[in-house]
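Student: Following the hints, complete the assembly by docking chain B with the ligands onto the known chain A.
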Amino acid sequence: MLNNSPFSPASPEAQAITHLFIFVGIVILAIFVLVATLVLYAVIRFRHRPDGAEPRQVFGNSRLEKTWTIGALLTVAVICIFAIRTMHEADASPRPGEKPNLVIVAHQWWWEARYPESSVVTADEIHIPVGKPWLVELKSADVIHDWWVPDLGRKMDAIPGHPNHFWIQADKPGTYLGTCAEYCGAQHAWMRIRVIAEPEAEFKTWEQQQLEVPPIPVSGEAAAGSKLFNDLTCVNCHTVAGTPAQADIGPDLTHVASRETLAAGRLKDTPENLGKWISNPQAYKPGAHMPDFNLNPAQVQELVAYLETLK
Amino acid sequence: MSDVPFPGTGEVLPLARPKEPVTGLLAWVSSVDHKKIGIMYLLASLVFFGAGGIEALLIRIQLAWPMNTFLSPRTFDQIFTMHGTTMIFLVAVPVLTGIANYLVPLMIGASDVAFPRLNALSLWLLMFGGLLLYFSFIAGGAPAAGWFSYAPLSEKAYSTSPGVDYYSLGLLIAGIGSVIAAINLIVTIIKLRAPGLSVRRLPLFVWMVLVTQILIILALPALNASLVMLLIDRRLNAHFFQAQSGGSAILWQHFFWAFGHPEVYIVVLPAFGMISEVIPVFSRKPIFGYEYVAASTVAIGALGFLVWAHHMFVVGLGHSIDTMFAISSMLIAVPTGVKIFNWIATMWNGSIRLTTAMLFAVAFLIVFTIGGLSGVTLAVFPIDWQVTDTYYLVAHLHYVLFGGTVFGIFAGLYYWFPKMSGRMLSEKLGRWHFWTMLIGFNMTFFVMHFLGLMGMTRRVYTYPNLPGWGLLNMIATIGAVIMGISSLIFLCNIVVSLRQGEVAGDNPWDGWSLEWATTSPPPVHNFDRIPPIRSRRPLWDLAHPENPDWKHEH
Ligand code: HEM
Ligand SMILES: [Cu+2]
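Residue numbers (the numbering used here), protein chains in the order written: chain A, 1 to 311; chain B, 1001 to 1554.
Where hints are given, some of them may not hold.
To be verified - Quick list of in silico lysine-lysine cross-link-like pairs, DSBU-like style, CA-CA up to 30 Å:
(1) Lys311(A) x Lys132(A)
(2) Lys1156(B) x Lys139(A)
(3) Lys172(A) x Lys139(A)
(4) Lys1551(B) x Lys66(A)
The set of hints was computed from the structure by calculation and includes no laboratory data.
Isolated chain B, as found in the complex:
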């Protein structure tokens, strides 16, 4: 593979890239093909999802009944810290980067990302960062200061094991990888779109990836800088975050959440993007209000930088600051609500096919709304003063991260798996996966709202036998076990379908964006030819010459 036809033009440009070895492990490890890298991202996140999931189960077993002694306090603290850190940094971010990596070039009709070698570098930095984080378990103890590692608890004086050092280094390395990947995707989207694919015709998934990557570039440096400062505190005895010697514990929180809140949108916007692709195709209608969905994404991205102190309502920053951040946080509910209504309007009067992908998308609409609405209660800061740092908050964050991001990802995986592998996932196993996941999820996390309202705080390794606590915790644990089984069904589905799944063909769902215009899986250079692009749905135009979209779009 040395010459690649330049998309759309038929012109052949020589690409200075190493030749892809044809087979074997080396073909993967040495690959700079965005599709292989995308799949490796997905596999890495799947492995980390397994680790984070096992940690979640350990947490739930320990909390199944009052005064349980299954895990020691120190082990429990390491496990919940690693669970949160893994799920955020090693699952949610890379799984979305992986999907973006695989799909963005295909959706914009390019043959690869702008910088294929850098792309490989980001992947391997992520893997190295993740392994370094996990290495801490055998190198003196995993970090145990929570996923946001508040100072001064994370300082040497209170966290004596090297865990926090591994946390800082691991996240720093993975974070640099994320920034590189972000630059790569942004340049790709700006520079490599096929002729005719103007910004206003970009698939919404690509729009949301673009906004997300800009958020990454702006937000991650705040985290990276504070991790370095924390390392300097811990290793070189500085005192950025130590009040006793002139530093400030609150400073860490500002730095962390200046990154941490945009991060929340970094892991949820791409899921919005996938939902915005899945719902139209399975409703057989174009997305309702394309411009509004795209613009609300930009609004969410921008507002996302103005809300960080809503994680700090109980720090005592004063009423005026609390009020400002409450207002900006509640404002974010508006563009989010706009999206929900647009998705529903897309389904309205459609012809809805309840495939597993669509089931996950529909469930997403409902569970994500629950998470968003409990988020409004948290933005109303006097309520936050009562419920923050309790299981009510744990419920909220899982409704958005699991019900939002993870359900969105499942919808996307069922939708694009045929493109990636050439075979369909089994719908039968898919349905088992979906229903068990939905039931387990709500069993685990819905009851947590009540636990929080009954006074149970988060991050406790055990709890006294207060009325009702034992029962609700047991329900949550049973739900977690059901989710564990559900994940195994999903894994089975992948393995079985890869071998014996129905052959997909180019466009099994009758999709409309460019990735469906090539073979499944696509050839190394992605496209032999690109259909003319005169609207947002080039494949619709092709199939419906009597009623093409470009007659309606302007």
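One chain only, chain A, in its complex shape:
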């Protein structure tokens, strides 16, 4: 059950927070047990008895007051010290001028990911090499969003006009699930994240594959689809490398068929689902910024044939 949780850390940063959480958790549990015991004991032990005369009237006790005030202050002070220590481990400040390894731009309701060194561009599914601390720059194209992959560490807001930085690292290969955590409008629920951590070599292969420019199909349904893609204004919102489509209102589609999910985790990426999505995106993500084109089945089939060539 504990996957994708602050209690299943998979990076040094997340680990530091987990330790702090366990420590503070024990402290507050102890306080809770103390308070609950005292309350319940009082209620049972000092319950009104029928013979009851009024009990002795006690107005206070300064020594007791000082004891618990100081006790509370000390507890808080200890917690503060641990918090500050964890802060540096969980969120080290980047050196001034340090270049990010990854730039993430949050859009209503998908994530754009750019790799400045290799110039790879992708969406929603972010590949990283295992074991390397990467500096991420986080921006927003519209409203405030929030990056959260619990296994890998802290949340961070994506705020227009206020780029933020944080570290991302995964100790083990695997797929880490996350989501947008700041309410950002109609499809906030479907702005999910997949971080795919791979060993260095596999990561490099992935990067190479993402850099390839897919050939423009010349015959068959795919070719018809490619033409439709141009004619139907898809090009106004999407990018496909090597074609006139160079916009970023929607995700880069150059390698869309190589992804695991569609529309930020809403659908599994299969040819069938691709057809469903483009025939009626509003049925799957009402309010999303991709219109319904009222395509006929033949057009859908041709477009899917084309999109499936974008591996």
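Tutor: The following block gives chain B with the ligands in isolation, referenced to the frame of chain A:
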């Protein structure tokens, strides 16, 4: 009613007030009597509590299982926004203003508040503001940007329906009403106390109301100003909060939370006050450490202004700012803890009567402690970086707002209902109400801690079928239904008891503060005569001439 004996002096002062019509609806609508206004506040909040509660149930039905399609995303967003906005602004604040309105003059031995007409104005502004907010449903769509309406989502470009305009106007109007009510109560408490009732003898409820009203005067203008700025952005195309054209999205958050955090204490301190009245009476002992409880209230109020950015730990304000606000937030835990221990010490060696009022007060001690402790984890900002904006936070805020404020209010209502109506609430129905509420409450909100820790974020209209999520959400929904039934039992209790409840008499609980020295319900002018006040518990002194409090207090 034209001449009123001035409290305590026996002197008769003519009061320039309109005559109260004797009967009928008009007697209520045109009333400037603080007791009628207080009751109307309570009724208004009860109606809004019904609306907010139905919205809560709709939310819970939609989230009962994964991929549910009961509500469309846009409807869901409107419903959760209206739920939060209603509960905070139209339930928690007015219910407390209403109780304060009813009780403060009685507890300080005055015949009314300082400015009775202004008092009526605040009430009607609240009602008008609330209706305006709800009017949005039929005027193009309710607001859907969450109760804190973060810019730029709340700006015209991203919230095209007029909902946010209604939100701004409605809250502005209700907010002005709150400020007026606050001024009124402060002046009342400072100027109209009966002779002998020095500040150090004020009932703790009145103390906490005083601190709360000062918080309102200082905090609400920040909200009112930012609402006006948001309206100017939306209607006149300014760009205070739009980064694209030079404004700042973060500015809104600073403004909002500069109000919003004190607001949290505005809605919880009066509940502390009620608990501080209920626990002593049903333990048959004076409050333990009066000065410490009063002083810790002032400390909470003051610190409350220094913690707003703990709502912004994930904004990226930098480590030094995060650290400062974490420390101030954790400091607030100290005076709060002091209060809890004083309440327990009051019960210690007492003679505890577990009436429904006391049951709610005892439950308050425990559930509020849970909320306070999860609050400490949120103030530890590296933990907050993980759990904020998840269901863990939703759990926390309901443990303090529901387990704190609402349980405190229930305790207070069971305690003072006999004073207000002249009849006792049924203890039998009260017990049903209490136990179903306690069970439903914990079922709904305790599991939310786990949902948050399993990765479920707040404000999502649906969620993928991840392991465990469906089950826990279903438990939460069942708990919400139980709470709904529980609220109906409470409603029944009010209706039935008003008709056939046991007649209360002046002082059914053997209380010690002044409100119990007059009839139930009190006459229009509140008191025919005021007992001598020589300590914090004048009615104790009266009943125990052999052992009066003024021998012990100094
Ligand atoms: C009747 C029982 C209640 C239930 C079942 C309930 C349920 C919920 C749920 C499930 C949410 C989360 C919505 C979301 O994130 O999508 C929520 C939010 C909230 N609730 Fe409640 N609630 C109840 C009573 C209250 C009360 C009494 C208060 C305050 C006094 C309150 C204040 C809030 C606030 C401020 C929010 C945040 C709204 C937002 O995110 O904009 N609730 N409630
Ligand atoms: Cu988002």
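Student: Next step is simple, just say for each hint if it's right about the structure.
Tutor: Evaluation of the provided hints:
A distance of roughly 27 Å separates the Cα atoms of Lys311(A) and Lys132(A); the hinted pair therefore holds under the 30 Å criterion. Restraint check for Lys1156(B) and Lys139(A): the C-alpha separation of about 21 Å stays at or below 30 Å, so the hint holds. For the suggested pair Lys172(A) and Lys139(A), the alpha carbons sit about 27 Å apart, so the restraint of at most 30 Å is met. Between the alpha carbons of Lys1551(B) and Lys66(A) the distance comes to roughly 24 Å, so the proposed pair stays at or under 30 Å and holds.
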